[in-house]
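Residue numbers (our numbering), protein chains in the order written: chain Y, -8 to 365; chain B, 23 to 541; chain W, 7 to 382.
Just so you know, the hints here were simulated from the structure itself, not pulled from any lab data.
One should not assume that every hint holds.
Residues from chain B that keep clear of chain Y, each with C-beta distances beyond 10 angstroms, as calculated [to be verified]:
# : residue
1 : G150
2 : E199
3 : D282
4 : L367
5 : A400
Here are the computed lysine-lysine pairs in the DSBU-like style, where the Cα-Cα straight-line distance is at most 30 angstroms [stated by the list, open to error]:
#  : chain 1 : residue 1 : chain 2 : residue 2
6  : W       : K145      : Y       : K164
7  : W       : K192      : W       : K366
8  : Y       : K164      : W       : K249
9  : B       : K404      : B       : K268
10 : W       : K145      : W       : K202
11 : B       : K417      : Y       : K254
12 : W       : K361      : W       : K145
13 : W       : K340      : W       : K322
14 : W       : K322      : W       : K72
15 : B       : K502      : B       : K338
16 : W       : K249      : Y       : K45
17 : Y       : K10       : B       : K417
18 : B       : K90       : B       : K43
19 : W       : K340      : W       : K283
20 : Y       : K45       : W       : K145
21 : Y       : K298      : B       : K417
22 : B       : K338      : Y       : K10
23 : B       : K286      : B       : K220
24 : W       : K192      : W       : K361
25 : B       : K338      : B       : K385
26 : B       : K90       : B       : K136
27 : W       : K366      : W       : K355
28 : W       : K361      : W       : K340
29 : W       : K322      : W       : K192
30 : W       : K202      : W       : K228
31 : B       : K158      : Y       : K254
32 : B       : K158      : B       : K338
Beta carbons are placed, not taken as given, at the ideal position from N, Cα and C, and that holds for glycine.
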Amino acid sequence: MSGSRDVVPARAWMSVVQKVGTPIMSTVLAIGVGSLIIWISGYDPVEAFAALFKGAFGGPRQIGETILRSTPLILAGLAVGYGFRAGLFNIGAEGQLMMGGLLAAWLGVELAGLTPLITIPTLLLVGALAGAAWAFVPAILKARIGAHEVITTMMFSHIARYVVSWLTAGPLKAPGQIPQTVNLSANAQIPRIQSLFSATTLEALPFFGLGRAHLGVFIAIIAAVGVWLVLRYTTLGYENRAVGLSPWAAETAGISVQWTTVKALCISGALAGLAGAVEVMGLHHRIFDQFSAGVGFTGIAVALLAKNHPIGIIAAALLFGALSAGSGTMQLEAGVSQKIILIIQALVIFFVAAEGIVNWFIRKRQKEATSGAE
Amino acid sequence: MPVLELREVTKVFPGVIANDKVSLVLEEREIVALLGENGAGKSTLMNIVYGLLSADQGEILVDGQPVKIRSSRQAIDLGIGMVHQHFMLVEPLTVTENIVLGREPGRLGIIDMKAARERVAEISERYGLRVDPDAKISELEVGLQQRVEILKALYQGARVLILDEPTAVLTPQEVRELFAVVRSLVDEGLSVVFITHKLEEVMAVADRIVVMRDGSVVGEVRPSETDEIGLARLMVGRDVVLRIDKEPSQCGDVVLEIRDLAVKSDQELDAVAGVSFTVCGGEIVAIAGVSGNGQTELVEALVGLRSPQSGSISLKGTDITHASARSSIEVGVSHIPEDRHRRGLVLPFNLAENLVLGDHRLKPYATRGVMHPREITAMAKKRIEDYDIRTPSEKVLASSLSGGNQQKVVVAREIGRNPELLVAAQPTRGLDVGAIEFVHRQILGERSAGKAVLLISLELEEVLSLADRVLVMYEGRIVKEFVAEEADAETLGYYMTGGGGTKLDDGADVSPTGSEVGA
Amino acid sequence: MNTVCSVLYEEADRRVNGKTSRILALVLALMLVVAFVPGCAAEEEPVAEEEPVAEEEPVVEEPALKTAMITDTAGLGDKSFNDLTWRGFEQAESELGVEVEVLESATINDYEPNLEQLAQAGYSPLVATGFLLTDTVSKVCVDYPDTMFINIDGFFEPVPANVVGVGFMENEGSYLAGVVAGLATKDTFDDRLNDKNVIGFVGGMDVPLIRKFQAGFEAGAKSVNPDVQVIGLYTGSWDDVAKGKELGLSLIDQGADVIYAAAGGCGEGTVRACQEKGALFIGVDADQYNTIANSGDVMLTSMMKNIDVVVYDLIKAAVDGDFPAGTMQVFGLKEGGVGLAPYHDFESKVPQSIKDAVQKATDAIINGTVVVPEEM
């Protein structure tokens, strides 16, 4: 290899651009196509997105709402992303999330009266374990008989849904008309961020009036950093990645593909279960039918957009959280249905998946840029 | 007037100049061999000619007329045909169907299969390319599939035929047949570009040899004006030792002992049917055989990837018959897998990550599950240095290295671990001479260090130059054992193809024809 | 959706890596699009319905009142609850000159911010549809004491000072549906009616509210046909059309020839089951003859909750200044809150005896001689 054929150093940053570029371009393209749809429906896209932005970041309360909605998405995104890193598609994160929420909601009521310092960590742990347990059977089936996790986790997700539906309408139902469980007592709730400040502080520093946003966001961020560290600095993460990228090479190097698969799906399930526990303890304070609101499925989108990078998942979750938080204002001020947001989310994923289209755009831009320079 | 001429063709990929002002002339009825190491730009150049890539600069002339070739369809219309390294045949279809695909005779979308068959038979007869027109592709051997590819190009009216690494997948006998075919094509008026990195092949078949290195043409010679050493020097840019002299074997204690080993294949067939042999320290034992005679399963059983049915394997007296891949590594078995892309490397991992693969749990690279990047980086840097891996840094992805450098990574890891036994399966497959020499030196180095080496190779040349003892494997059994000095390519080939079992007409088969196989 | 899923499963059969993962992702994205587009396609209607809002703008005159609704996650276009509420709003807009607005909730997490946003923007009263929003209303109403809230199907104990909980005596309406079904299954006015004397009930989620429907239905049927067998099944969902059909088919297999469905969107599936296997159907909430396409051949009648009327009346009360804040408002047969829809295509087939029996039962409930049970 003489000089002319060596790898040009510029390539390093080009790969970074490519890594971040595709998701960003996908988002831009999705918003573009979304604008087109809004325009065709007879509304003003500029007005719509201005309202959307206002609704997501217009003030502390709005920012709080964005944070609130991003919180479970970070954890669900990590769950799916960790699985993907081992080559597993945990499409059933929703179900593991529900089981995590269910256990937290049930045990939280049972543990009323203990100090929050014990209750909250216990419930978080139990939620994570419940999620892991719910992923364990699909994991064993995958490792032992090769049953595909897409089908088994999906089926387990259905089971979880009906278990929650039955429990909230039956054995765990709180008194009253509504099929839901009893409210968690304060000792089992994750406090809202603004509750950490006194009324006078909030008056002086209105920025901390973050509305419904709760401390769970820090749990999510810590989890993201934790997953990043595990993937990068532990044999567990290393083996996980090796199996995900090349099971044959991993096997040859003495890594048990089956055992790694089981561990990966259980960790994925634990993260999803944690998402459920945090959502229940920080926001709903109880569970009811379909309390999970599709967070586990949106987590798939978050992971795909972030290309399964834990830190990228925080950013992707913020994007999806903001889209969801701003959609109400968009509908109120621009008259565009909130459900357009769901279309934009789908489009983002579509463009991430259709990476070729996006890369074509990027290349075209680069070409134009270089030809312009000549 | 040349049938094909390239003038100063340049092609730049991001970060790499694949072809740098390459000029090439192909006369009528001429065989030009395009020789160069992997990544020298041979295939890129021919893909440009065939319309699969477009040149950034330069000119292509066909029959003296400048042409722009934007698609393979256009190339075919100009009379240029190409047979790729990986065949592009539709397996469930028949030979005839594959050949006429895209240019079916008939009208209004109805294929006139009778006409198609006749036409195929006619071409087949004319060029001496015999193949059953009604056989399904999936039923044909690799050599015959290649024949179908050539027939397809001829059917489409090729006058210039480009063969991209045509011998890579063939057995020695098939190689000989291919050369005969190529010569008869030229007799019929065709011109051939023959891409390869194997020296003995160009000496045997080419009229003229064009040598490429680093994207440029570095020389042009006729076989009569040079020899393999000279070609290798031109190709690699330095002196290359083709056949390394080795010290006589200093056989030490028995390291590997295999007794009555039986292993089943994925299809539950008896792939290895009762094999026994030993390898001692300081010795290289080679297993020669045609691909698919149980070598893969034998290796997999040896390194813990496949559980044997019966028999035993022991390493320095320790039974490892049912050891896992992990414990097999830990007791000192290193393994250079035959498929480095699939089993040898995690291609999207960087070099440091690849170099620690298999040792990643052990001190000093990890303690209690936490990895130590600094130790790993230091080790990787040392391996890159020691094994001359050409890379800007240890953070480069394995997928971005050339095949030779990728194999060096595997070799560096497996030998760097300092094993008791090295199992090297096809360690030089697809490598160019420079890299082959390097790998051979490393394997011989293990031998001088008193380690045991089991070499599995389809390349007789390699077997003969490295091994102290040669075991011939046929249909799951060791059918013959040679001391290296007593073996030659033709005798080995005879036993490899079952000659020891079913008596063939010796006189016809065992007649060395010289330069094709071995030197 | 099913075909997309099966494609996904086939794809998933291969390993998730390299090219396949991209294909998987693509299929997933398509699935998302397919999953969401119908929801959005349904939006097209309200988009059209919202047009008057835009046209409202040139009116310089200050409207009498700004009022708004938030939907549950089913959103506008559900041909039931949300659409009926919105119809009341439209009527109020054109007849009372009030300014109206609607916010749809994409997920359950939108309920609270949507309500807050409308309260902040000065809309009052705010109408929240469905008992799933009761919690949210109780929470938000505290922060906005000057805003009035109406919660359809909401039950409060006690009722906050700025809230009106709206309840319906669905059991009374269902009683009438039961009378029709109980008599029809013995009758022969349609050849799909058999002699097995079995009728069916398809519920949505198994919650007290829906049990109330079933209780009324059974009581009504037994009042005219003491030997009738009533089989009740629950889908566990409001929108699982396939489940609605599955349960419908199962009921017909067990001999049911008239099926009453109180299961939201699932009812459409039950209609299809009736059409396939030959049984009659009784709709719920709205006059489903009009809201489920091509259902006329099995749609015997519907048990209507006149949500539009109630919503209109409450907005009118707010305009007139006599909004009944802090109370539960319960609407039964007497108040015109529930009732049976016309027989439509069966008008000429249904014998007068059945019509008379319905009238008789209605009178008895209104004057109190019959008290319809709320529980089974």
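Status of the hints after comparison with the structure:
1. Separation of B:G150 from chain Y is adequate, the least Cβ-Cβ distance of about 41 angstroms exceeding the 10 angstroms criterion.
2. No beta-carbon of chain Y is positioned within 10 angstroms of the beta-carbon of B:E199; the least distance is around 33 angstroms.
3. Every C-beta of chain Y lies more than 10 angstroms from that of B:D282, the closest at about 26 angstroms, which supports listing it as non-interface.
4. With a cut of 10 angstroms on Cβ distances, B:L367 falls inside the contact zone with chain Y, its closest approach being about 6 angstroms.
5. Separation of B:A400 from chain Y is adequate, the least Cβ-Cβ distance of about 16 angstroms exceeding the 10 angstroms criterion.
6. Under the criterion of a C-alpha separation no larger than 30 angstroms, the hint pairing W:K145 with Y:K164 is consistent with the structure, at around 20 angstroms.
7. Under the criterion of a C-alpha separation no larger than 30 angstroms, the hint pairing W:K192 with W:K366 is consistent with the structure, at around 19 angstroms.
8. Our distance criterion of 30 angstroms between C-alpha atoms is met by Y:K164 and W:K249, whose separation comes to about 24 angstroms.
9. The straight-line distance between the Cα atoms of B:K404 and B:K268 is roughly 27 angstroms, inside the 30 angstroms bound, and the hint therefore holds.
10. Simply put, W:K145 and W:K202 have alpha-carbon atoms about 51 angstroms apart, too far for the 30 angstroms limit, and the pair is violated.
11. For the hint pairing B:K417 with Y:K254, the CA-to-CA distance comes to about 27 angstroms; that is within 30 angstroms, so the pair holds.
12. Under the criterion of a C-alpha separation no larger than 30 angstroms, the hint pairing W:K361 with W:K145 is inconsistent with the structure, at around 46 angstroms.
13. With a C-alpha separation of about 20 angstroms, the suggested pairing of W:K340 with W:K322 holds against the 30 angstroms cut-off.
14. Note on W:K322 and W:K72: the hinted pairing holds, with a Cα-Cα distance of about 12 angstroms set against a maximum of 30 angstroms.
15. A distance of roughly 25 angstroms separates the Cα atoms of B:K502 and B:K338; the hinted pair therefore holds under the 30 angstroms criterion.
16. Between W:K249 and Y:K45 the alpha-carbon distance is near 41 angstroms, which puts this suggested pair outside the 30 angstroms criterion.
17. Distance check on the hinted pair: Y:K10 and B:K417 sit about 16 angstroms apart at the alpha-carbon level, within 30 angstroms; holds.
18. A hinted pair counts as satisfied when its Cα atoms are at most 30 angstroms apart, and B:K90 with B:K43 qualifies at roughly 17 angstroms.
19. Restraint check for W:K340 and W:K283: not satisfied, since their Cα atoms lie roughly 37 angstroms apart, outside the 30 angstroms limit.
20. Proposed proximity of Y:K45 and W:K145 is supported: the alpha carbons are some 24 angstroms apart, at most 30 angstroms.
21. In summary, the hint linking Y:K298 to B:K417 is supported, as the alpha carbons are separated by about 20 angstroms, within the 30 angstroms threshold.
22. For the given pair, B:K338 sits about 49 angstroms from Y:K10 by alpha-carbon distance, which is inconsistent with the 30 angstroms threshold.
23. Pair hint B:K286 plus B:K220 does not hold up; C-alpha atoms about 35 angstroms apart against a cutoff of 30 angstroms.
24. Of the supplied pair hints, the one linking W:K192 and W:K361 holds, its CA atoms being roughly 15 angstroms apart against a limit of 30 angstroms.
25. Taken as a hint, the B:K338 and B:K385 pair is honoured in the structure, with Cα atoms around 24 angstroms apart against an allowance of 30 angstroms.
26. At roughly 36 angstroms between alpha-carbon atoms, B:K90 and B:K136 are farther apart than 30 angstroms, so this suggested pair is violated.
27. For the hint linking W:K366 to W:K355, the alpha-carbon distance of about 19 angstroms falls within 30 angstroms, and the restraint holds.
28. Note on W:K361 and W:K340: the hinted pairing holds, with a Cα-Cα distance of about 18 angstroms set against a maximum of 30 angstroms.
29. Our distance criterion of 30 angstroms between C-alpha atoms is broken by W:K322 and W:K192, whose separation comes to about 45 angstroms.
30. For the suggested pair W:K202 and W:K228, the alpha carbons sit about 15 angstroms apart, so the restraint of at most 30 angstroms is met.
31. For the proposed pair B:K158 and Y:K254, the alpha carbon gap of about 45 angstroms is over 30 angstroms, so the pair is violated.
32. Note on B:K158 and B:K338: the hinted pairing is violated, with a Cα-Cα distance of about 49 angstroms set against a maximum of 30 angstroms.
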